[in-house]
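Visitor: Next come the chains, spelled out residue by residue.
2 protein chains.
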Amino acid sequence: MTELLSNYVSGRWQAGTGAGTVLLDPVLGDELVRVDATGLDLPAAFGFARQTGGAALRALGYRERAALLGEIVKVLQANRDAYYEIATANSGTVKNDSAVDIDGAIFTLGQYAKWGAALGDARALRDGDAARLGKEPVFMSQHLQVPTPGVALFINAFNFPSWGLWEKAAPALLSGVPVIVKPGTSTAWLTQRMVRDVVEAGVLPAGALSVICGSSQGLLDALEGFDVLSFTGSAETGAQIRSHDAVTRRSVRVNIEADSLNSAILMPDAAPGSDAFNLLVREVVREMTVKSGQKCTAIRRVMVPEAMFDAAAEAIGAKLAGITVGNPRNESVRMGSLVSRAQLNSVREGLNELKAQAEVLHDGSQQALVDADPAVAACIGPVLLGVRDADVALRVHDLEVFGPVATLMPYRDVDHAVALAHRGQGSLVSSLYGADDAALGRAAVALAASHGRVHVVTPGVAKEQTGHGNVMPMSLHGGPGRAGGGAELGGLRALDFYHRRSAVQASPAVLAALGIQ
Amino acid sequence: MTELLSNYVSGRWQAGTGAGTVLLDPVLGDELVRVDATGLDLPAAFGFARQTGGAALRALGYRERAALLGEIVKVLQANRDAYYEIATANSGTVKNDSAVDIDGAIFTLGQYAKWGAALGDARALRDGDAARLGKEPVFMSQHLQVPTPGVALFINAFNFPSWGLWEKAAPALLSGVPVIVKPGTSTAWLTQRMVRDVVEAGVLPAGALSVICGSSQGLLDALEGFDVLSFTGSAETGAQIRSHDAVTRRSVRVNIEADSLNSAILMPDAAPGSDAFNLLVREVVREMTVKSGQKCTAIRRVMVPEAMFDAAAEAIGAKLAGITVGNPRNESVRMGSLVSRAQLNSVREGLNELKAQAEVLHDGSQQALVDADPAVAACIGPVLLGVRDADVALRVHDLEVFGPVATLMPYRDVDHAVALAHRGQGSLVSSLYGADDAALGRAAVALAASHGRVHVVTPGVAKEQTGHGNVMPMSLHGGPGRAGGGAELGGLRALDFYHRRSAVQASPAVLAALGIQ
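Protein chains in written order, with numbering that gives the first Met the number 0: chain A, 0 to 516; chain B, 0 to 516.
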């Protein structure tokens, strides 16, 4: 039998008492490790984190907690090679794609360490200036942000076992809130290993960081009113979480990041062959293939002026034809596998559903694999679909196929393109490609109401632009509506989720004596 | 039959097709008017508000929308006498108590008119400065707040038919978001009348303000992903709202303000007879009796040092003995009625439940009524309960009796008092009374984690302090946990709920061309 990974709760390593779930190599089909959370005393685990971990973290100031994030960075960097090996084995990703997850996490932690240090030795944050409650400044209202006296539970997705943990844990720990992470089961190994390294390095106070691998059963029951819950995954599971008593009756604050039908829009001025046109083509191909399209921010819909539809289809298709697919250990392979055969089946089913309303412009779904057995490996080449009338093709605005799949569609004018983007009913990100600053600015504001992020690529920033799908810690990550309504990152804005805002109404003398910094 | 009040939706007055619910005078028992929402086309009504009202409001800038609020203020002021008459008849409140609802609304609208004017002619708000996404300022992230392209549905409580509408509508309309209000049925008349006056004055664009009186059936079904919902009422109804598909599946943003076991804490330095002691006594009596204790922010728990328990009981009881109760039309009456006989029964039941764990320190429940028939009027005098061991008396921390009822309890030290306040599992407000600025400052920060507002009364602000239960628009209104986890007001912070935050990543040239101001 393979190794059974332990859970770390209540300040000690605890193995589940069940047989466990086997984690597989999605390319070779090998059994790797097992995870199991059966028999854990979850109320005790949450209580330990809440009391012991929370008290220890809140006894520190922001600068000291930022220093802890810096220590975590060192631990992760020291063990980086092991993480790449786990990613190759368990996620089936090529090195460049593993980097998005692993180095993306380290970068994000480092940013919060830097931003947190600038907050100084305060133990709570003043939120704005004191406001007068009458004509004279005798009785004032000072808003504070104080760490919530609870735990932060993360129920995470399989596609980012590293970044998914740390992009949430960085602001939580910086805020003084202990973290309990339940990684997506199929790739839980990397999360568990990172937590293990950080725990063994002894950089965090007891109770500050816990990991539970396997079933999420009972986790929500253990939540109390001052806890917060951050979920990344399907809209279906998100709805179940929102319906739980912890949320509906105990007002547990919840952040959800769910499905998203992100779009890329080629502006009318970007004729075929222009810099902006080429930038769109490059970005679409990159977004379709990085992590085999298993990114919540990946481009799913590509909108181009009607007259450019054929040229865009041809240019994107030509580049997709050069994408080699297969075993990520082979250096000639550009794109590895999906995370599992289950996901492969889900992608194939989704493709078939979309094909009922779309034509196939480039079909990599049957292409030969490099160094991989198609009967075993969860690999599939990229597929570009197209619809000629995006107003009637309902499914392409509604069904997120979580793989290397995107749909090209024509629009009449920019208003129409924005309306089509809006048909996603709220998405994480839309990107614009063009060279007309004024037109881009107007379109960006129009998209902002239904997108958590708008990414504008102009020829002048071809090298510096950070990528449609890359989540930068400086910018908000989340989107309204079907994207879940969540808000992560965005620099120090992320700390809001882990703090409670309160207005202290008092004399200036009392406000000067709050003793928070 | 009494008059059937119409609903205002889809830009016209529409009567319900059912028999309607009768609204009563809670003192005299007279039938006043009827309300009914049967047969309304709610999807059409919400669609009209969303498209017609939303587009018209968003075509204006903040300054212009602020001017609309100023026009609403004028309309309400012109009809103020009629509102007081309705409040007396339908809410059974004395003039001073009606003022909290009516003049409190006008004051809040006026504040947002002033704050909104200062936002200028922008159509969306820049949120912070642009942040560099690389080493050079070549590609930047600028966060925006843009009005959500949906409606704001308010499902409101019976205790504030005026303020409850306008404290929410002011930031919503200022944000460019159309409002649909469903007032608490038993006092819906005042809300409906105010909307009628504003509609007839023609100050708002069509679709900007709608009112639906009666059942809330079907309202949530009409919500879409970019709408927002603000509910004030019971925790039970709040849980039902949070469980609805609109919230769980369509990510409708929801704000809930529910039960709250607010507290007042006498600090150890405030000996009987001291200014701070007297200030607590005065505030507790005021909070127990204003609107007959039917305020979500009213003091429910009074915590005093053990040695001061008897003195506090005596002083509060002596003042309560002077409270006259009965018909608000009689000028000698200090406290009018509860909103209905149903609420009277609920208060009596709650009192009996608390009495199982508490002694009665002052009993006004059987006192003679002035000018009112105890068999008809929903009147009850104030009752002060007491528990000698607040750690074992569980119900007093858990059951909100929505009437002129509070419970006195002793504490050992300030940490114990804070722990007892925290036992409310998240409350709207706690107030502190003392003269030691440093001790007050520390206690205020400790309370801030579990309270949306902390109100500190020192002898030096005796005249200027705005009152434990008064909700000032400058300060956050809301509380974590059982208080619902909501956030209203807090100056311009209230606009966040009605905006969508989005990060625009672009070149400085594109960011300069956003065209939002």
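Read the hints as simulated data drawn from the structure, not as lab findings. Fair warning: this is a prediction, and the values are worked out from it, not measured in the lab. Hints should not be assumed to be uniformly reliable.
Identical chains share a label here; the pair holds if one copy fits it or two copies do between them.
[Stated by the list, open to error] List of simulated lysine-lysine pairs, DSBU-like, C-alpha gap at most 35 Å: (1) LYS113 / LYS134; (2) LYS134 / LYS462; (3) LYS113 / LYS94.
Visitor: Is it within a copy, between copies, both, or neither that the alpha carbon of LYS134 lies no farther than 35 Å from that of LYS462?
Guide: between (54 Å within a copy, 13 Å between copies)
Visitor: Regarding LYS113 and LYS134, is the shortest C-alpha distance of 35 Å or less found within a copy, between copies, in both, or in neither?
Guide: between (40 Å within a copy, 14 Å between copies)
Visitor: Check LYS113 against LYS94 for me: Cα-Cα at most 35 Å, and say if that holds within a copy, between copies, both or neither.
Guide: Intra 27 Å, inter 56 Å, cutoff 35 Å: intra-copy only.
Going down the numbered hints, you'll see the structure goes against none, and every one checks out.
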